[in-house]
Amino acid sequence: MRILLDTSYVYDLMETRGKFSDGERRFFAEQEAQLYVSAVSIREMRLKYRTRHPSGDRKSPFDPNDVVTMVEGQKMTILPMTMQHAARRLKIPIAHKDPFDEILLVQAQEEGLKLLTMDRQLMGHPLAITV
7 MRILLDTSYV YDLMETRGKF SDGERRFFAE QEAQLYVSAV SIREMRLKYR TRHPSGDRKS
67 PFDPNDVVTM VEGQKMTILP MTMQHAARRL KIPIAHKDPF DEILLVQAQE EGLKLLTMDR
127 QLMGHPLAIT V
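Per my numbering, the very first residue in the sequence shown carries number 7; after that it's consecutive.
Quick caveat, the hints were computed from the structure, so don't treat them as lab data.
Any given hint could turn out to be false.
What the hints assert, rightly or not - Result set (BS3-like, lysine-lysine): computed pairs, CA atoms no more than 25 Å apart in a straight line:
1. K25 - K65
2. K65 - K103
3. K54 - K103
4. K103 - K81
5. K81 - K25
6. K120 - K97
7. K65 - K54
8. K81 - K120
9. K54 - K25
10. K25 - K120
Full structure from sequences and hints, please.
What follows is the structure, given as C-alpha cells:
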C-alpha cells in the first residue's frame with residue numbers, strides 16, 4: 007500500500023525522532039507500505055514555524071529543514087505538488103475548508119495513495135485511513 011502521511015503524522019515523527027509505534031510498524035509491514043511525505047506538509051510546517059502564538063512561541067517547534075532531513079533519513083518519498091494537483095478538484099469533498107487537508111487528499115486521489123491521518127474531520131473519507 008502506498009501511504010501519504012498527514013502533516014500531523016510528520017509532527018509526531020519529529021517528536022519521536024523518526025520512530026513509529028509498534029502498532030504502526032506492524033501495520034506498515036502487513037501492508038508492505040511505501041511511505042510518502044508531501045511538499046505540501048513541509049510548506050504547512052514552514053508557515054506554522056514562522057508564525058507565533060500571542061505568547062511568542064512558534065506555532066510549530068520544528069524547523070522544516072530538519073523535517074526534510076528526517077524524512078530523507080527514513081527512506082520516505084517526498085511527493086512534490088504539481089500543477090495537476092493544484093488544478094484538480096477533490097472528487098469526494100470534505101466538509102471543512104482546510105486547504106492543506108484538501109490538497110493532501112487531492113494528491114492521494116491523483117497518485118493512488120491513502121492518507122494516513124489522526125484528524126477526526128477526515129476520518130470516514132474514502133481516501134483516509136487510520137492505524
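Results of checking the hints against the structure:
| no. | hint | verdict |
| --- | --- | --- |
| 1 | K25 - K65 | holds, 22 Å |
| 2 | K65 - K103 | holds, 20 Å |
| 3 | K54 - K103 | holds, 18 Å |
| 4 | K103 - K81 | violated, 32 Å |
| 5 | K81 - K25 | holds, 13 Å |
| 6 | K120 - K97 | holds, 14 Å |
| 7 | K65 - K54 | holds, 5 Å |
| 8 | K81 - K120 | holds, 18 Å |
| 9 | K54 - K25 | holds, 23 Å |
| 10 | K25 - K120 | holds, 20 Å |
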